[in-house]
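Each chain, written out:
Number of protein chains: 2
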Amino acid sequence: MLGSGLIGRSWAITFSRAGWQVAMWDREDGAAEASRAILLTLLEDLAAEDLLNGQSAAEVGARVRVTKTLAEALEGTSWVQENTPEIVGIKREVWAELDALAPPDAVCASSTSGIVPSAFTEELPGRGRCLVAHPINPPYLIPAVELVPAPWTTPETMAKAEEVMRAIGQSPIVMTRELDGFVMNRLQGALLEEAFRLVADGYCSVEDVDVGLREGLALRWSFIGPFETIDLNAPGGVRDYVTRYGGLYERLYKSMQRRADWTGSVLDTVEGQRRERVPKEGLADRQRWRDRRLMALSRHKRKAAQDFGN
Amino acid sequence: MLGSGLIGRSWAITFSRAGWQVAMWDREDGAAEASRAILLTLLEDLAAEDLLNGQSAAEVGARVRVTKTLAEALEGTSWVQENTPEIVGIKREVWAELDALAPPDAVCASSTSGIVPSAFTEELPGRGRCLVAHPINPPYLIPAVELVPAPWTTPETMAKAEEVMRAIGQSPIVMTRELDGFVMNRLQGALLEEAFRLVADGYCSVEDVDVGLREGLALRWSFIGPFETIDLNAPGGVRDYVTRYGGLYERLYKSMQRRADWTGSVLDTVEGQRRERVPKEGLADRQRWRDRRLMALSRHKRKAAQDFGN
Chain W
1 MLGSGLIGRS
11 WAITFSRAGW
21 QVAMWDREDG
31 AAEASRAILL
41 TLLEDLAAED
51 LLNGQSAAEV
61 GARVRVTKTL
71 AEALEGTSWV
81 QENTPEIVGI
91 KREVWAELDA
101 LAPPDAVCAS
111 STSGIVPSAF
121 TEELPGRGRC
131 LVAHPINPPY
141 LIPAVELVPA
151 PWTTPETMAK
161 AEEVMRAIGQ
171 SPIVMTRELD
181 GFVMNRLQGA
191 LLEEAFRLVA
201 DGYCSVEDVD
211 VGLREGLALR
221 WSFIGPFETI
231 DLNAPGGVRD
241 YVTRYGGLYE
251 RLYKSMQRRA
261 DWTGSVLDTV
271 EGQRRERVPK
281 EGLADRQRWR
291 DRRLMALSRH
301 KRKAAQDFGN
Chain X
1 MLGSGLIGRS
11 WAITFSRAGW
21 QVAMWDREDG
31 AAEASRAILL
41 TLLEDLAAED
51 LLNGQSAAEV
61 GARVRVTKTL
71 AEALEGTSWV
81 QENTPEIVGI
91 KREVWAELDA
101 LAPPDAVCAS
111 STSGIVPSAF
121 TEELPGRGRC
131 LVAHPINPPY
141 LIPAVELVPA
151 PWTTPETMAK
161 AEEVMRAIGQ
171 SPIVMTRELD
181 GFVMNRLQGA
191 LLEEAFRLVA
201 DGYCSVEDVD
211 VGLREGLALR
221 WSFIGPFETI
231 DLNAPGGVRD
241 YVTRYGGLYE
251 RLYKSMQRRA
261 DWTGSVLDTV
271 EGQRRERVPK
281 EGLADRQRWR
291 DRRLMALSRH
301 KRKAAQDFGN
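These protein sequence lines are chains W and X, in that order. Take the first sequence: its position 192, counting from 1, is numbered 192 in full-length UniProt numbering, and each next residue is one higher. Take the second sequence: its position 268, counting from 1, is numbered 268 in full-length UniProt numbering, and each next residue is one higher.
Just so you know, these hints were derived from the structure itself, not from any lab. Careful: at least some of the hints might be erroneous.
One copy or two, it doesn't matter: identical chains are merged, so the pair holds either way.
[Stated by the list, open to error] Here are the simulated SDA-like pairs of lysine to any residue, each with C-alpha atoms no more than 20 Å apart in a straight line:
hint	residue 1	residue 2
1	Lys303	Arg197
2	Lys303	Leu51
3	Lys303	Asn53
4	Lys254	Gly128
5	Lys254	Leu179
6	Lys280	Asp291
7	Lys68	Ala100
8	Lys254	Met158
9	Lys254	Arg197
Construct all of the structure, not just a fragment, from the sequences and the given hints.
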């Protein structure tokens with residue numbers, strides 16, 4: 001685990017919960033130790049919520065150690081997960097080092113959300129075993145992870161990455177080639193774009209958009225996704241759906257060909273309406289509440305899958 | 001309740017569960033009686049799942065009666081919900097009749113998903129009390145409902161409609177003026193457009209998109225919506241989020257300026273991949289499974305709101 005911030009720590013929990021020995025290293029002195037202390041507290045929370053697969057927090061926590069050097073962290077590892085700042089210059093530097101030090105058969109993955117893997121792996125001798133494995137945070141509660149190959153990432157690397165991710169309980173999205181924004185941020189971006197446009201044009205409030213998802217669209221999406229949703233929304237399946245509603249969506253697309261300036265006055269509106277609901281000083285509490293709800297949803301989904309299947 | 005198909009029946013359940021007396025009428029002879037029989041079976045299912053607020057199926061079912069004429073159905077009612085086919089000519093005809101027959105103080109709502117209210121209410125003497133109340137089906141499990149005014153819908157009508165919807169347990173999205181696709185289909189359309197594009201361009205599979213939502217984005221959206229999600233995803237709230245990631249989304253928007261032809265070869269891909277997972281003859285079973293999961297999610301959300309708040 002390279003980098004011990006929010007993402008590095010979350011990955012450390014995800015791997016160690018699955019039985020892996022995790023070595024955590026951070027360029028900044030003392031950062032990894034401090035992060036490990038937070039990790040132990042988080043593990044207590046997860047144990048209390050029955051989200052450690054029956055293991056105790058101590059048991060899982062004992063698998064996470066901090067190393068003084070990068071070389072120590074990489075020694076004998078079969079998976080490297082890099083979680084350094086989202087700056088391509090830093091990534092290039094770190095990746096040169098890690099590619100030189102990691103065992104030749106180790107898979108090397110970056111958590112980056114905004115940089116394609118070719119941007120920092122092109123010059124590396126071991127570039128064939130490098131990819132992006134982008135989680136939604138925190139991966140120990142949100143299983144989806146995007147596996148993104150550079151043009152030179154080998155099929156064996158992709159296959160092994162998929163296997164490892166499934167083995168630790170994640171749900172990999174396996175891209176065939178790299179693309180800015182990958183899959184999830186592109187889908188999120190497309191929806192947010194329309195959300196900002198609707199609010200900017202004054203058709204509805206910020207809360208109305210959120211209600212439309214949390215009391216509407218996202219209920220089915222949270223267990224079947226958008227393609228299965230439309231496939232089940234017409235008697236003859238997705239082709240029937242497109243026959244019935246394709247014309248509507250074609251009309252709508254035409255009326256979406258203009259960007260809302262997210263940084264313009266709509267941002268004042270969005271921020272103003274959000275701060276009415278949750279004042280700035282309440283954000284940290286609300287984030288903890290969100291994590292509780294996410295844990296409860298995670299338990300619910302596990303139970304529903306047992307009761308009804310997936 | 002005008003029209004006794006899937007939507008009319010679902011609304012009848014939603015209103016009667018909340019204690020309303022519901023009169024169901026259908027232009028087609030015998031259709032409303034047949035629909036009421038299905039409704040009684042559905043109520044048994046909902047009672048078994050503890051989704052009738054502690055009432056028995058018989059108790060709720062007794063509030064739904066079938067009438068022989070439209071005039072009888074409208075007599076003394078305070079809310080009219082129209083659920084006829086999505087053809088503007090039919091709507092115009094039906095609405096002329098219902099506006100003439102409904103009590104002057106009744107709110108008249110259409111369930112249409114694809115027609116703006118001005119298209120079938122302009123000529124009506126009582127057009128001020130007419131609006132669209134568009135549910136996601138079934139409204140007794142999915143609370144979001146879009147209230148869409150025509151230019152002449154009175155503020156009193158909108159206020160009363162909002163009040164009635166909240167009283168029967170729905171979560172209204174109150175639009176300030178009409179717009180093709182309303183709010184939810186526009187948000188869904190924007191996301192689907194990108195989903196079709198990703199699959200058409202071969203970046204990922206249909207299942208990958210569904211995983212990205214059901215094991216990723218839609219988990220948080222299902223209880224906080226997309227605006228609250230980004231508001232909680234940066235330490236300083238939504239403005240901080242836009243500062244950090246606005247540039248990424250601006251780049252992505254530029255690369256989305258081209259439509260995927262949903263009816264083209266991508267539809268063969270989508271349909272092919274869906275049919276591998278659920279063959280055509282399995283769709284009806286899968287729809288029943290979806291409804292079970294939706295009921296379980298509905299119970300989970302009620303309990304989570306009690307345990308942790310909303």
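Could you place Lys254 and Leu179 in one of the four classes (within, between, both, neither) given a Cα distance threshold of 20 Å? Classified as between: cross-chain Cα gap 13 Å, same-chain 24 Å, threshold 20 Å.
Copy assignment of Lys280 with Asp291, given that the CA separation must stay at most 20 Å: within (18 Å within a copy, 39 Å between copies)
First find the shortest C-alpha distance between Lys254 and Arg197 inside one copy, then the shortest across copies, and answer within, between, both or neither for a cut-off of 20 Å. both (14 Å within a copy, 15 Å between copies)
First find the shortest C-alpha distance between Lys68 and Ala100 inside one copy, then the shortest across copies, and answer within, between, both or neither for a cut-off of 20 Å. within (18 Å within a copy, 82 Å between copies)
Is it within, between, both or neither when you check Lys254 against Gly128 at 20 Å Cα-Cα? neither (42 Å within a copy, 30 Å between copies)
Within, between, both or neither: Lys303, Leu51 at alpha-carbon 20 Å: both (12 Å within a copy, 18 Å between copies)
Homomeric proximity label, Lys303 with Arg197: Cα distance no greater than 20 Å: neither (38 Å within a copy, 34 Å between copies)
With identical chains, the pair Lys254 and Met158 could be close in the same copy or across copies; at 20 Å between alpha carbons, which is it: within, between, both, or neither? Answer is neither: 38 Å inside a copy and 29 Å across each miss the 20 Å cutoff.
Could you figure out if Lys303 and Asn53 sit no more than 20 Å apart (CA to CA) within one copy, between two copies, both or neither? within (13 Å within a copy, 23 Å between copies)
Taken one by one, the earlier hints fail for this structure at numbers 1, 4 and 8, listed in ascending order.
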